[in-house]
Amino acid sequence: MSTDPAGAPLLSVRGLHKSFGTNHVLRGVDLDVQPGSVTVLIGPSGSGKTTALRALNALEVPESGVVRVGEVTVDYAAHPDARRLARLRAQSGMVFQGHHLFPHMSVLRNVTAGPELVQKRPRAEVEAEARVLLAQVGLADKADQHPFELSGGQQQRVGIARALAIRPRLMLFDEPTSSLDPELVGEVLQVLKQLASEGWTMVVVTHEIRFAQQVADQVLFLDGGVVLESGPPGQVLAHPRHERTQQFLRRILDPL
Amino acid sequence: MPTGTGELVGDAVGPLLQGLVLGTIPLTAISFVLGVALALLLALMRLSGVRTLAVTARTYVSLVRGTPLLLQLFIIFYGLPSLGVTIDPFPSAVIAFTLNVGGYASEVIRAAILAVPRGQWEAASTVGMGYTTTLRRVVLPQATRVAVPPLSNTLISLVKNTSLASTILVTELLRKAQELAAPTFEFFTLYTVAAGYYWVVCLVLSFSQAALERRFDRYVAA
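Going down the list, the sequences are from chains A and B. Positions 1 to 256 (this note's numbering) are the ones given, in order, by the first sequence. Positions 1 to 222 (this note's numbering) are the ones given, in order, by the second sequence.
Treat the hints as calculated values from the structure; they're not laboratory data. Accuracy of the hints is not assured; some may be wrong.
To be verified - Which chain B residues stay away from chain A? Per the calculated CB distances, all over 12 Å, these: (1) Ala37; (2) Ala111; (3) Met129; (4) Thr134.
What the hints assert, rightly or not - What the simulated footprint calls covered on chain B by chain A, stretch by stretch (three residues with Cβ under 8 Å from a Cβ of chain A suffice, anywhere in the stretch; the number is not a length): (5) 94 to 102; (6) 116 to 128.
Note that the structure is predicted; figures quoted are calculated from it, not measured. Just so you know, even glycine gets a beta-carbon here, dropped at the ideal spot from N, CA and C.
Okay, chain A solo, but in the shape it has when bound:
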């Protein structure tokens, strides 16, 4: 469990602060993630959850705060150079809300691009591994197609395979189902559940409360750039202590 006091967290975050102009988006976010656990970030729009997630792999560079993944530590206040940020980024695989697949590459090339072009691993090995990953996300037969030929849910699953292909220690998901048609959400969440059961360490920003209830080891509710409430889903989602959390969950679960 994420609250196991004996184990060292795989990911540990302290004191993230980030402003966009005068907008102070993160006001001291702390977070610990145990290996093999699933952490779900929820919160209203503008609460800083996506910014916090993007700070975990330096897609967003906060003014201050420390992020450690495994033995790679970045202290943002010390103005780390690009190489250090790249090293942090290499620890995690990222799945975007808008998939951001490379449109001019086949599905297979999308998955092999990182390992082949960057990690310089042999093409045959990388392709074999990519085909296994595509089979895992249920797309073995789509390897030679191009992203535009796939449905939104399939594109998102290719995005997951692409992120897994770099052999990360941690998987990050930024609202992976938010831009999908409702009937396609299930197939993507199914893959996330499967990854969780395989023991992947995951941090997921999502509005899918039922997914969080079923899969999360810990849920963090962000509001106004801070973690207002955190704990196991049975507590945060079923018996939220804060008025803001209760309001938010009511609005999400019963929008009318």
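Dock chain B against chain A, hints included.
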């Protein structure tokens, strides 16, 4: 029409073709390739976020676009010798057209790079790609698709602009026509044939542009 016009055209077809194949086409091709390479460099300088690089590139583009091409040609061929730098006609023309294409095409390439969504840069970085790999493997292939129509414009303009090189003694198509017309005074006939050659070349380029665009549109949803 004076007698012998048909014969004159017949006699001119070969030498004019020579002017086209040995003058206009290599001048265009070399200047365009070098010019686009320069343009890419200028575009990357402007997008670099490094102030001195961006200002340098912007100033360059402003100078190239703000002065007549003919004058740029004259400065290199007639002006530089007074500074002790003498360059032959053909290389002078290549330099002038390269510098000119570089200035114009840099804006096209810059816009095409900016047209590639930011998410593509981010996705590339999350699979480990650095700046150069992202540019080569992810951004430029997509930017090329956007840049093909406006760059085709630049190329087609260049084909015709190379006729200005006739003023600095490069034996390209127009100068060949002038040389053939001068002793016979058949300016109308020879210039019309020359115009026809330019037009055919531009037609071929337009068709190639269309084919290229179809090729690039393969991977984009209809």
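Going down the list of hints, with the structure as the test:
1. Look at Ala37(B): its CB is around 22 Å from the nearest CB on chain A, clear of 12 Å, so calling it non-interface holds up.
2. With a least beta-carbon separation of about 19 Å from chain A, Ala111(B) lies farther than 12 Å from that chain, consistent with its non-interface assignment.
3. At roughly 6 Å from the closest C-beta of chain A, the C-beta of Met129(B) falls inside 12 Å, breaking its exclusion from the interface.
4. Consistency note on Thr134(B): stated as away from chain A, yet its beta-carbon is not over 12 Å from all of that chain's, at 10 Å minimum.
5. Given a C-beta distance limit of less than 8 Å, the hint that chain A covers the segment 94 to 102 of chain B is violated, as 0 residues qualify and 3 are needed.
6. As drawn, the segment 116 to 128 of chain B meets chain A at 10 residues by the rule of a beta-carbon pair under 8 Å; at three or more, the given contact holds.
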